[in-house]
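One-letter residues, chain by chain:
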Amino acid sequence: MAKPRGTDGSLLTSLPWTLAAIVFSLAPHVQFLPLWITAACVFCGAWRYVIERRRRPLPSTWLRVLLALTCFLGVLATYSTISGVGPGSALLAIMAALKLLETRKRRDQFVLLFIAIFLVMSSLLREQHLWSLPYLLVAVLLIMTAWLRVSAVGEEPARRSFATGGRLLLYTAPLAIAMWIFFPRLASPFWAVPMDTGTATSGISDSMSPGDISSLSMSNAVAFRVKFTDVIPEPRDRYWRGLVLTLFNGRTWNSNDPFEGPQVHEQVSGNGDPIAYQITLEPTRQHWVFALDMPWSWSLPKTFMGPQQQLARGRPIDQRVAYEATSYLDYRTDVALTRYARSWYERVPEQSNKRTQALAKQMRASAASESAYIEAVLMKFHEEEYFYTLQPPPLGSNPVDRFLFDSKRGFCEHYASAFAVMMRAGGIPARVVLGYQGGELNPMGGHMIVRQSDAHAWNEVWLDGIGWYRVDPTAAVAPERIESGISESLLDGVASAWGMSASFAFMHQLTLTWDAMNAKWNEWVLGYGPENQERFMAWLGMSDPDWRKMIWTLVAVVIGIILLISLLLSLRYRPPARDRAAILYERFVNKAGIELLTGETPAVFAQRAAAESPIPADVIDEITSTYLDARYGPVDPVAMRRLESAVAAMRRQ
Amino acid sequence: MQRRTTLETLPVGKDAARAALDQARKALGTIILGKDSQIALALACLLARGHLLIEDLPGLGKTMLAQALARVLGLSFRRIQFTSDLLPADIVGVSVFRQEKGEFEFQPGPIFTQLILADEVNRATPKAQSALLEAMEEYQVSVDGNTRLLPEPFFVVATQNPADQIGTFPLPESQLDRFLMRLELGYPNEDDERELITGADRRSMLQDIDAVASPEALQALQKSAAGIHMSEPLVDYIQALVRQTRESPDIDIGLSPRGALALVAAAKAHAFVEHHSGVYPDDIQAVFSAIAGHRLKPAANTIYRSAAELCQHVLDFVAIP
Chain A
1 MAKPRGTDGS LLTSLPWTLA AIVFSLAPHV QFLPLWITAA CVFCGAWRYV IERRRRPLPS
61 TWLRVLLALT CFLGVLATYS TISGVGPGSA LLAIMAALKL LETRKRRDQF VLLFIAIFLV
121 MSSLLREQHL WSLPYLLVAV LLIMTAWLRV SAVGEEPARR SFATGGRLLL YTAPLAIAMW
181 IFFPRLASPF WAVPMDTGTA TSGISDSMSP GDISSLSMSN AVAFRVKFTD VIPEPRDRYW
241 RGLVLTLFNG RTWNSNDPFE GPQVHEQVSG NGDPIAYQIT LEPTRQHWVF ALDMPWSWSL
301 PKTFMGPQQQ LARGRPIDQR VAYEATSYLD YRTDVALTRY ARSWYERVPE QSNKRTQALA
361 KQMRASAASE SAYIEAVLMK FHEEEYFYTL QPPPLGSNPV DRFLFDSKRG FCEHYASAFA
421 VMMRAGGIPA RVVLGYQGGE LNPMGGHMIV RQSDAHAWNE VWLDGIGWYR VDPTAAVAPE
481 RIESGISESL LDGVASAWGM SASFAFMHQL TLTWDAMNAK WNEWVLGYGP ENQERFMAWL
541 GMSDPDWRKM IWTLVAVVIG IILLISLLLS LRYRPPARDR AAILYERFVN KAGIELLTGE
601 TPAVFAQRAA AESPIPADVI DEITSTYLDA RYGPVDPVAM RRLESAVAAM RRQ
Chain B
654 MQRRTTLETL PVGKDAARAA LDQARKALGT IILGKDSQIA LALACLLARG HLLIEDLPGL
714 GKTMLAQALA RVLGLSFRRI QFTSDLLPAD IVGVSVFRQE KGEFEFQPGP IFTQLILADE
774 VNRATPKAQS ALLEAMEEYQ VSVDGNTRLL PEPFFVVATQ NPADQIGTFP LPESQLDRFL
834 MRLELGYPNE DDERELITGA DRRSMLQDID AVASPEALQA LQKSAAGIHM SEPLVDYIQA
894 LVRQTRESPD IDIGLSPRGA LALVAAAKAH AFVEHHSGVY PDDIQAVFSA IAGHRLKPAA
954 NTIYRSAAEL CQHVLDFVAI P
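Read top to bottom, the protein sequences are chains A and B. If you're matching positions, the first sequence starts at 1 in the numbering used here and goes up one per residue. If you're matching positions, the second sequence starts at 654 in the numbering used here and goes up one per residue.
Next comes chain A alone, as it looks inside the complex (with noise of 0.2 Å):
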């Protein structure tokens, strides 16, 4: 077997540009990638570099045939499977480190690139962001200066192809546009992205054990942002419905499956003016649909009100979507109480929390009425030693009595779930609500931030005569809970918990700017789906636009566009001279059909023309000798027309 000869390294000049293109497309997927992957790619860019740095020769086909198989064994036991997202760009990743081990020729570096471009658009599979468009913008310039140094001729200086590639860029921005512009947006779309299932997203659960919520109270995530059309409610009246939970099995709650309900017209009803606001939900993937508490109408589709007043979308919500909707805050639900469901609504395992319940029959038989029982509770919490606290004791079981009788410290859960366990022993229908209260107005967008750290539970209650009515617990041990939100009920002793910018308004300042550049973001850029599309074709002029149309206007724009381009460049960019002479004379090296080389004068060109080519000698001599003065001498018509007709004759044999 002959020895491997190392590298030559004439790689050098492209090859660190080439990896600062894939480490740069690889950093977005880093955070999800298992950490092997990432190791391998930066331990083979890193043993590729010093292969060429130290001309030494690259690993062996078995070695690399090897390292495959292992890296793809890898991946497959990581997901076991090797399809959605996460594979995907796990296998992309391995592909391009292991690629690198077998570069060994400028344009094989050109798969490379194309792996790095894949890589890129599989991040935004993932999530977008406000940063994902300079991320990209930044990523596709620099893998475009990689495409230019590996194709460069000669010693072209780095700073130029990045400012070719720059160029290059620009011209194609309005293309960009123009397609994100006219490119048809379906409803339903072709294809699905298939996501990672077992990613989770912080939010409220489908359930609420004790802890589930004040857990989520260190969240700083966005859960929906929302933008009042005109009146802005108090905040003790925004209550952002969510689900209801009706099943108690002594320590956690549980919702029925959304079945679709009556129609919201027949189970609600309202007084005063709604609310009109406009709502874009971050993706949970659940059914839930947040609305201010009663929500009357909404523009998602296929979205209904369930039995219980709690809205559901058919498909999960896995994308950011965004909604209009009007709210009741002075309501009414209309539905009546069968004896079975008031059976269902008074249910608590008999076995658990026994104090409590001897505690709600006691309270409710010295009680004069439901509303007397009522308030009776409430007084207990407000005036008893009850402490609203984000860290809780644990409870173990019957928690509701380690509760009420023992800790007497808890979160909104720990309320609300001791409410509807006192109020169903005392023998009133009660349920708790999950969704979130209260919300932050952002002067910079004019828009109110709702986050996963505004999640709350309240109770409601059925009364004759009166129907479900929101009680909320919490208020009665911490009305400023429920009145100012909960940064400042907690301020005290656990703001740095709660997150940095509670403490420093500066910083404060700078999340909500940021925050208000990103609902901007997602309400003109990530939120151009159909309807915005439709609203925006209708504003050009445009009516009714169905796909076909788009697809028109679209190649319609986007040659509008490649022209126009196209027009300026050729205004800006002058060629050199092609003057007759040398036209005529590139018809000769045409017709002689070797090629002419770089730097190859016309005399030289001559001599190599008369041995390798069919065309006699002294029509190559006249043509090279008529050329030479026609196209570097002075002015000469004679030598003009010498020259025209030796290649018109050449031309005709």
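A hint or two may mislead.
If the Cβ cut is set under 7 Å, some of the chain B residues that face chain A in the computed set are [claimed, not checked]:
| no. | residue |
| --- | --- |
| 1 | 879 |
| 2 | 880 |
| 3 | 882 |
| 4 | 884 |
| 5 | 930 |
| 6 | 931 |
| 7 | 969 |
A partial selection of chain A residues facing chain B, derived with a Cβ cut-off under 7 Å [unchecked claim]:
| no. | residue |
| --- | --- |
| 8 | 599 |
| 9 | 629 |
| 10 | 632 |
Since the hints were derived computationally from the structure, they do not count as laboratory data. Values in this document were obtained by computation on a predicted structure and should not be read as measured data. The beta carbon of each residue, even a glycine, is placed where N, CA and C say it ideally should be.
Got chain A sorted already, so can you dock chain B onto it with the hints?
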């Protein structure tokens, strides 16, 4: 010292001057065998009013070429053998006190001639070299505070031996730049060498050559050469070549604007010698190595072993417009 010049027999007028130039080229070709392109370059160098540096091993005809050039062009000729003890006064001359007249009288040195051959120029000390180099640049010499003009035309043909390293003072870049061209003669091919061995003695042949031009005719030729047409695409070409010398990683120091001017002048003169209707790309390529070879500073890590290879590499990289 005045050489015999038969002014009345010399051709006058443009066409006649041209014919004389061809004759001179032919005559030179009989003395220096098989070196037609170098002869053309040497003539082009003189027509472009440039000084010539011939660099080659001993015995390849450097001195012979210089002498023959002076002879056929009818120029007065002196030769200075540069040695390490050569003093500036040995070149430019001294003032001698004349007892009988009671005053100093200037004894002009060998530099007061139309064509001076500075043999083995790198053997002399920098001080002596600089005396010659001032003359090359200023066309005058300063002795005892008096500035004396040199005859018109004035050419320096210097030779040096690249193989000698001990006891030499290589010319610095700034002084190399004063030579318009640097030529290498190289060995003759077998047939030419045979003719050289069997044929007549070159030294006596040289004596038999008649001048075919006069200094005045030479000046007319210089004027005509400078008037040769240079087309727009070739100006682009020269700029591209110069740019390539500056940007190529194989070259540390590229051509200066003076180098570019030298390239233009030499290409025009070469086109004139070659009877081209204007400057052809071939003219530029023919003079490029002679013009650029001693002006470029190759990079330390370049793979090109000689200046000629480096120049060819530049030519191979630039397309001819």
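These are the hints, each one checked on the structure:
With a least beta-carbon distance of about 15 Å to chain A, the hint placing residue 879 of chain B at the interface is violated under the 7 Å criterion. The closest approach between the C-beta of residue 880 of chain B and any C-beta of chain A is roughly 10 Å, which is over the 7 Å cut-off, so the hint fails. The restraint placing residue 882 of chain B at the interface with chain A holds, with a minimum CB-CB distance near 4 Å, inside the 7 Å limit. The criterion of a C-beta within 7 Å of any C-beta in chain A is met by residue 884 of chain B, whose closest approach is roughly 5 Å, and the hint holds.
About 3 Å separates the beta-carbon of residue 930 of chain B from the nearest beta-carbon of chain A, less than 7 Å, and the hint is met. Because the smallest distance between the Cβ of residue 931 of chain B and any Cβ of chain A comes to about 4 Å, under 7 Å, the interface hint for this residue holds. For residue 969 of chain B, the interface hint holds, since its Cβ comes within 7 Å of a Cβ in chain A; the closest pair sits about 5 Å apart. Residue-level restraint check for residue 599 of chain A holds (minimum Cβ-Cβ distance to chain B is 5 Å; threshold 7 Å).
Because the smallest distance between the Cβ of residue 629 of chain A and any Cβ of chain B comes to about 5 Å, under 7 Å, the interface hint for this residue holds. Satisfaction of the interface hint for residue 632 of chain A is found here, the shortest Cβ-Cβ separation to chain B being roughly 5 Å, below the 7 Å cut-off.
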